[in-house]
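Fit chain S to the given chain B structure using the hints.
Which chain is which? The protein sequence lines are B and S, in order.
Quick note on the working numbering: the first sequence kicks off at 35 and runs consecutively.
Quick note on the working numbering: the second sequence kicks off at 702 and runs consecutively.
Derived from the structure by calculation, the hints contain no laboratory data.
Since the model is a prediction, treat every value here as computed from it, not as a measurement.
Careful, some of the hints might be misleading.
[Unchecked claim] Simulated coverage check for chain S against chain B, where a stretch passes if three residues somewhere in it have a Cβ under 8 Å from a Cβ of chain B:
#1 1207-1213
#2 1353-1363
[What the hints assert, rightly or not] Residues of chain B placed beyond 10 Å of chain S at every Cβ, according to the derived structure:
#3 V115
#4 N118
#5 S132
#6 T182
Note that CB positions come from ideal geometry on N, CA and C, so glycine has one too.
Listed below, chain by chain, are the residues.
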Amino acid sequence: MKKLLRPYLAVLLMGSLITTTSCGGDDDPAPVVDRETITTATLTLEPQGKVGSTVTASYEDLDGPGGNAPTVPQMTLKAGVTYNATLTILNKTTSLNSEIIAEANDHQVYYTATPSSLMTVTITDKDSQNRPLGLTSTIVTGNAGTGTLNVVLKHQPGTKGSVTAGETDVDAKFNVVVQP
Amino acid sequence: MLKDKILRKLLLLPLLLTVIPVAAQSMLPHVGTAGTVQDCGLTISGKVLDHDTRTVLPGATIYIPQLDRAAIADAYGNYHFHHVCQGTYTLKVSFIGYTTESYSFRITTSSVRDLQLHSDAAMLRSVEVVSTRLLSESQATEVLSGRELKQTRGLSLGESLEKLPGVSSLQTGPNVSKPVIHGMSGSRVLILNNGVRHEAQQWGDEHAPEIDALAATELKVVKGAAGVRYGSDAIAGTILVNPSPMPDSAGISGNIGLIGNTNGRMGTIAGLLQGRLKQQPISWRLHSSLKKAGDSHTPDYNLKNTGFEEQNLAATLGYNKENYGAEAYYSLFHTRIGLLSSAHIGNTTDLLQAIDRGRPEQTGEFSYTIARPYQDVSHQLLKLKGYHTTGDLGKLLFTYAFQQNIRDEYDKDASKINPNAPELHLDLMTHTTELVWEHELPSAISGSMGVSTLWQDNTYEGRMFVPFYRSFTAGAFAEEKWRRDNVQLEAGLRYDYKNMDVKRRDRENNLQQPSYSFHNLSGSAGALVDAGYHFTFGANLSYASRAPHANELFADGIHHGTASYEKGNPDMVSEHAVNVSATINYHTNPKLNGGISFFYNTISNFIYLQPDTVPVLDIRGSYLSYYYKQADSRFYGADLNLSYAFTDKLTLDTKATIVRAYNFEEEQYLPNIPADRLNAELQYELGELGKGNFSDSFVALGGLAVARQNRSDKQTDPYMDAPESYLLLQAEAGTTLQLGRQPVELSVSGNNLLNTVYRDYQNRLRFFAAETARMLLIRVNLPLLFKTRS
Chain B
35 MKKLLRPYLA VLLMGSLITT TSCGGDDDPA PVVDRETITT ATLTLEPQGK VGSTVTASYE
95 DLDGPGGNAP TVPQMTLKAG VTYNATLTIL NKTTSLNSEI IAEANDHQVY YTATPSSLMT
155 VTITDKDSQN RPLGLTSTIV TGNAGTGTLN VVLKHQPGTK GSVTAGETDV DAKFNVVVQP
Chain S
702 MLKDKILRKL LLLPLLLTVI PVAAQSMLPH VGTAGTVQDC GLTISGKVLD HDTRTVLPGA
762 TIYIPQLDRA AIADAYGNYH FHHVCQGTYT LKVSFIGYTT ESYSFRITTS SVRDLQLHSD
822 AAMLRSVEVV STRLLSESQA TEVLSGRELK QTRGLSLGES LEKLPGVSSL QTGPNVSKPV
882 IHGMSGSRVL ILNNGVRHEA QQWGDEHAPE IDALAATELK VVKGAAGVRY GSDAIAGTIL
942 VNPSPMPDSA GISGNIGLIG NTNGRMGTIA GLLQGRLKQQ PISWRLHSSL KKAGDSHTPD
1002 YNLKNTGFEE QNLAATLGYN KENYGAEAYY SLFHTRIGLL SSAHIGNTTD LLQAIDRGRP
1062 EQTGEFSYTI ARPYQDVSHQ LLKLKGYHTT GDLGKLLFTY AFQQNIRDEY DKDASKINPN
1122 APELHLDLMT HTTELVWEHE LPSAISGSMG VSTLWQDNTY EGRMFVPFYR SFTAGAFAEE
1182 KWRRDNVQLE AGLRYDYKNM DVKRRDRENN LQQPSYSFHN LSGSAGALVD AGYHFTFGAN
1242 LSYASRAPHA NELFADGIHH GTASYEKGNP DMVSEHAVNV SATINYHTNP KLNGGISFFY
1302 NTISNFIYLQ PDTVPVLDIR GSYLSYYYKQ ADSRFYGADL NLSYAFTDKL TLDTKATIVR
1362 AYNFEEEQYL PNIPADRLNA ELQYELGELG KGNFSDSFVA LGGLAVARQN RSDKQTDPYM
1422 DAPESYLLLQ AEAGTTLQLG RQPVELSVSG NNLLNTVYRD YQNRLRFFAA ETARMLLIRV
1482 NLPLLFKTRS
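Isolated chain B (complex conformation) (with noise of 0.2 Å):
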């Protein structure tokens, strides 16, 4: 059994050798690439005319999915005043704004108020078909009360124009206070 087991043993080292030494297996594993481009929505609303001033609030995941959890912002915003909203898209500091209305025939924004007399969405800009795009849009705020406006980007080549349809790019929350 000794003597069988010899030849045994050499292919064994034998292709052990082979695999550590050749296969630059070595190697650690790279560092994760951020595929997930999209880490942050941030909505900056200008309110016409002097009624008071510019608000931000930015929907943010930093660390991808798995991670934690995005934090809801908070918006407070003025009765009755008609604001001009622009969303901007980020992966991290830059924006992709630009990206998307290169593809703004497959995007479209998709602005849900809870409740709905909380305020009123118009988007402003158009794709090339003349469709909506929603990144920048004028908001008129309701009487006050408190709720949550829900951002939505939807990538939608060829079935453009309803919520449902297409892929989920961004699907963000903001909660808001309208104050007399």
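Quick look at chain S alone, frame taken from chain B:
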């Protein structure tokens, strides 16, 4: 009288199919070579009889493999073996028109044993299926070979195995299917491809085995823990994919097969060429197959991006002398599989909308295009094997194998950073060695013992799902069988040591290098009793333990296909399974044959994915979250296999499977367990047609009924209830056409003939789309006969 004759040739639909073990005729020159064996003076003698009519069978051949001696029954059906020593002997009896049967006897004094043979209906059908009296193991075993296997040609390995009771498949759309035994799959089901442990990324639910089913002539499934022989992690069972034996006579032969599928417009061509040299004991074989399929469709719509293509190549070179031999085998498997694009979704809201929609968002027209998302997988296997006989007692076998599995997954949207690279690239290299001594001792004991090693290196690029790891496993095992008269006892023991060194980056990109050691033990004990009257009873108790896999420890990422987030647990321990099974077989009867097997599998620390009540949130919204969890669980159920021959031409085949899986820590059922199923098929043999131009003709009509999985709730399936039960109609027909000297095998089989709209619980894409519509598989097989130079 004629009727009598027909009756004698009644179909004996075998439950346990084994290839005819020995061509006894070739052993005849050994008759009378006394002197080369021990002369102990005992005599074994008796008559060879027809089981039904009790008439003697002059000319029957009786062969004793232990002595390598043969005898022929004389004009009165009598046979004799003189100068035999004490011991246990197997008498293999064969006679033209009868099933070859094996009888084992323990001989202490000179004995008279009458041997009864059953007429061989299988031979009349020219199908190489024969039943033997004693099974080889006490565990429930199913085999797909001969015509049954041919009827699955064109299907994937997972789909082919679904024909067997106790086996189902976990599917991801129409073109990814992986085998499930008794409700378990992945790393709990070992696949032996041509004798080598198939090592790939088998943990993934949407990872189909990288094996060309067309290269196999036998698919065998050992159900229940089979850890002793193949590795302690085979908790659910083992699948053996076996090619035909290498040619043993000089000459060249071949085969060309063409397969077409109407659903997906698939075309397959497979070719085999093999031969053996005249001067040297060198044999060779080349096998290749190419497949190409476009989009499948359901009765109502096209399943966009579900085409696939596959290229396979295998080459074998063998050298066989009487006492030693060697074999080299190489195979390459490559596939590119499109995944239903509408199943690639952003978040849980999208999933709910997809379920609400009830059909894929984008269907489009039929196309062969494979676009994103898709998988590109290649698997290489190199096997070197050598053997040497060890006297009269047995054989020593050494096998070395190298495997490389490269898996590239392309997401629906290309990365903006590197648009041509896969989002997930996995590279797994495996070296395995095995040294086994197979032996047959004179004291009625036979078995095998050996040592094996497995060395693995896994790396990835792109998205992290499983970490870098290296693992080394060393195992030692022994299993022995003891057979006396009508009882066989068996026992086995195995020990495995596994070491795993992991390298991974945490969320802050710091390198972590945890290391694991596992000691796993497996054992089994079984008994097999031939109770006479065509009954055999088998019982088996086995224990197996499985070390957690790298994904169960360290998975941390999103499955876009199901909008779910999977998280491993680095503190997992091995799971331990105790499996009790019992099998009853009623075999080699003229009309009714069948078998039923029961199993009860208790698994402590069973590892599974538990849905979490708190979803994972990120900028895209919420993901259904799952985490790997261990809980004491039990799996139990039964498999039934019955056939009834109404006449020698008309046979009804029935197969049924029931599996229950329960987590008794949480008192809830486990997810993804196959629903109860029943398959019945009526076969009619037409035999010869026309002026003998058509032979082996048959038609078959059957149905598959799958119940609703009622053991599913909000805990196991939070987003969608289990789909309704369904009934599918299937039919087959085949014949062999003689074109000059060339026999051409033609067959057609149809599935889902009524175009039923249905969904299957075990299809991961059931959230998004219905199952495929009616499909016709058309096969042409042309054996190539070459004139041997004489």
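We went through each hint and held it up to the structure:
With 3 residues having a beta carbon nearer than 8 Å to a beta carbon of chain B, the segment 1207-1213 of chain S meets the requirement of three or more and the stated coverage holds. Check result for the segment 1353-1363 of chain S against chain B: violated, 0 residues qualifying (beta carbon to beta carbon below 8 Å, three or more required). Chain S leaves V115 of chain B outside its interface by the beta-carbon criterion, the shortest separation being 28 Å against a cut-off of 10 Å. No beta-carbon of chain S is positioned within 10 Å of the beta-carbon of N118 of chain B; the least distance is around 24 Å.
Listed as a non-interface residue, S132 of chain B keeps its Cβ farther than 10 Å from every Cβ of chain S; the least gap is roughly 12 Å. Once the 10 Å rule is applied to beta carbons, T182 of chain B is consistent with being away from chain S; the minimum gap is 14 Å.
Violated hint: 2 only; the structure is consistent with all others.
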